[in-house]
Amino acid sequence: MASTFKTFGSDDQTVTTTNLHEVIPITGTIVSGTYSDNNIKNYAHGMFQSVYDYPYLSSSANHIFDITVGYSANSSLSGAANTQNAKKINIYNQFAKVLVQPDVTGSIQDFDQDGDISGGGAKMRECFFFPFSRLLVKDEIKKGSFQMTAFLSGAYTSLLAPSTVYDAGAQTDYKVNSPAGEYGLLYTNSAGTGTPIGHVYYQAGIAVLTASVFNLYAQPAGFNADDEDITAVLTGSSISGSTDGFRHRLKNVQFNNTTELNSSIYFCRAGSNEFNYSSNPTYLSGSQVVIKNARTDTPASYITSIGLYSSDNVLLATAKLSEPLKKDPTNELTLRVRLDY
Amino acid sequence: MAFLDNSGDIILDAVLTDEGRRRLAEGKGTFRITKFALGDDEIDYGLYDKNHPSGSAYFDLEILQTPVFEAFTNNGSSMKSKIITINNPNLLYLPVIKLNDQSGRGTVEANFGADTFLIPVDKTTNDKFTADQNTGVIRSPADGEITETFGAGLRLDQGLDTTSISPGAGLSSDLREDTFIIEMDNRLGSLISFRGSDDSDPIEKTPSNVDDDDIATYMVSATTDPDFVDAITNTTTQAGQVISGPRGNRLRFRTRPKIDLAESDYYFDLFGSADASATITGASTLTNVKYIDSFVTIYGASTGYTVQIPIRFLKDNS
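These protein sequences, in sequence, are chains A and B. Heads up: the first sequence is residues 44 to 384, going by this note's numbering. Heads up: the second sequence is residues 5 to 322, going by this note's numbering.
There's no promise every hint is true.
Claimed, not checked - Under the rule of at most 27 Å between Cα atoms (straight-line distance), these lysine-lysine pairs were calculated in the DSSO-like manner:
{"no.": "1", "chain 1": "B", "residue 1": "K54", "chain 2": "A", "residue 2": "K335"}
{"no.": "2", "chain 1": "B", "residue 1": "K39", "chain 2": "A", "residue 2": "K369"}
{"no.": "3", "chain 1": "B", "residue 1": "K102", "chain 2": "A", "residue 2": "K49"}
{"no.": "4", "chain 1": "A", "residue 1": "K369", "chain 2": "B", "residue 2": "K54"}
{"no.": "5", "chain 1": "A", "residue 1": "K335", "chain 2": "B", "residue 2": "K127"}
{"no.": "6", "chain 1": "A", "residue 1": "K335", "chain 2": "A", "residue 2": "K369"}
{"no.": "7", "chain 1": "A", "residue 1": "K335", "chain 2": "B", "residue 2": "K262"}
{"no.": "8", "chain 1": "B", "residue 1": "K262", "chain 2": "B", "residue 2": "K127"}
{"no.": "9", "chain 1": "B", "residue 1": "K102", "chain 2": "B", "residue 2": "K84"}
{"no.": "10", "chain 1": "B", "residue 1": "K32", "chain 2": "A", "residue 2": "K49"}
{"no.": "11", "chain 1": "B", "residue 1": "K84", "chain 2": "B", "residue 2": "K39"}
{"no.": "12", "chain 1": "A", "residue 1": "K140", "chain 2": "A", "residue 2": "K218"}
{"no.": "13", "chain 1": "B", "residue 1": "K54", "chain 2": "A", "residue 2": "K49"}
{"no.": "14", "chain 1": "A", "residue 1": "K369", "chain 2": "B", "residue 2": "K84"}
{"no.": "15", "chain 1": "A", "residue 1": "K49", "chain 2": "B", "residue 2": "K84"}
Please keep in mind that the hints were generated in silico from the structure rather than gathered at the bench. It should be emphasised that the depicted structure is a prediction, and the values quoted were computed from it without experimental measurement.
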């Protein structure tokens, strides 16, 4: 019986998972400078800024990350007289609620400096937050790949040498006590020694940096263009004013993203006596096979496409070979079709 | 779609079709790949040069250099010609499916749409055909009041179209097509039976699938649908036949226009045309018409052979 379909056997399909990584470099001049802040979107609510890779009014622009700042209600800087006091607390609580494990009563907890919440210790109560867009993060940030280089010291108009923060050692040493997934600790050295100055949440794609990192470098007045120090900025400036100051100091952000690729692989096997004729209208002249002169000549076909079908003959997926493949009774072929999800 | 880069290793460019994605999104378990087929849409076997002066190694040189398109995502746009499995490697002739315009059915409409079958969509249009003169007209209007259809319909015959083998030799079972797959635009028409002069109470088939592009697929077989598929009994003469050699089964059907076409001009205005001075054989008073050109595709389920029949839905616009 002639046939055009071949049913897959139990050994003809397999499922695999592959992690793909891309390097994501974000240069500081994009964040502050190149586009004269036309790529920075501020909102009427003033709770965060969005950074685009091109002036955001252009349809070519891609949203790459947001930047905002907040402090805990438990922070010594918190005060009703502060500019946007409630919004800064709301922002902090929002991130803490999503990223930090709540206590047994369900109450929001502050960010713990070393991630050891039950062990107590120092808290990060004033923080800058960097939620990166899914376009960059994809499924997650690759552990141990995160670096942020910023001018942590020097005045606004006379920045000193930049410093780089790393999620050092996170390939083998990371935390799992966040409801948002795994996170690593950020250090100001690649060896991962000293006091952590922030967290990077890999699956959530969010970096959290304590504002006190600027105090580590005896931050002079001049964090922002108004010549204020970090404490004055956090209390007296708006959120966008604070993030403007940080963007000015940001030199580079880099990480590798991860895409988890689940693949179904179908092995399309054509045996020696299979798929040697064609229903192509040019294959016949009248009813005669045009590539044969005599009955005993070897039949052949030239494969360019593979169709994957449902049981009711509906084409669900299709694959194309980059060049025709000859099939005749003297050869057997196995074509491996991979569908990624 | 662009061509694939064929300068290096052979690569495989695979995509889900739009219908595949729709089924995946539907989440009803209908996205289940169970079988595969191989195709050769881009290949022109006429380029096979059996007389190449440099020898047999060069016979298929031009075929192997054929550039191949990227995969189309529209499920209806690819795998139009499939590679066939037939265990016997010593076949010189393969069966074809041919439109049978013999046996008193004459030729299709020549004046108004060459080689196109006309389908009046309502009683008013149908009544303007005076007789069985234009045998290309498939009389199957949506309006149930119509009883006179003049015995017109489509017939396709299957077999070996060669004079080298006598029809009496018979068609071997592995080349006989028992099941036909018919595709047509589900917005315009549906499949009904055609039993020659016996037009009473035609059977209307339910499509086995309607895809995201509104293309309906029907499957009819000699086993379950004898009103659509049966054997060609004439194995001795050429009278009324289009298959010269051994004959297999014949497929007979008509297209019934959807009631939307009879009662509304929406589709005619959307993708149809109008002609205020048409000349239509057998319908001299039918000059001002709206019409939609479409086609019906017939596949042999086992041999994969494909035929496309142009059809024109016709409506009186006077």
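Structure-based check of all given hints:
no., hint, in the structure
1, B:K54 - A:K335, "holds, 8 Å"
2, B:K39 - A:K369, "holds, 21 Å"
3, B:K102 - A:K49, "holds, 26 Å"
4, A:K369 - B:K54, "holds, 16 Å"
5, A:K335 - B:K127, "violated, 52 Å"
6, A:K335 - A:K369, "holds, 15 Å"
7, A:K335 - B:K262, "violated, 46 Å"
8, B:K262 - B:K127, "holds, 13 Å"
9, B:K102 - B:K84, "holds, 17 Å"
10, B:K32 - A:K49, "holds, 24 Å"
11, B:K84 - B:K39, "holds, 16 Å"
12, A:K140 - A:K218, "holds, 17 Å"
13, B:K54 - A:K49, "violated, 30 Å"
14, A:K369 - B:K84, "holds, 18 Å"
15, A:K49 - B:K84, "holds, 17 Å"
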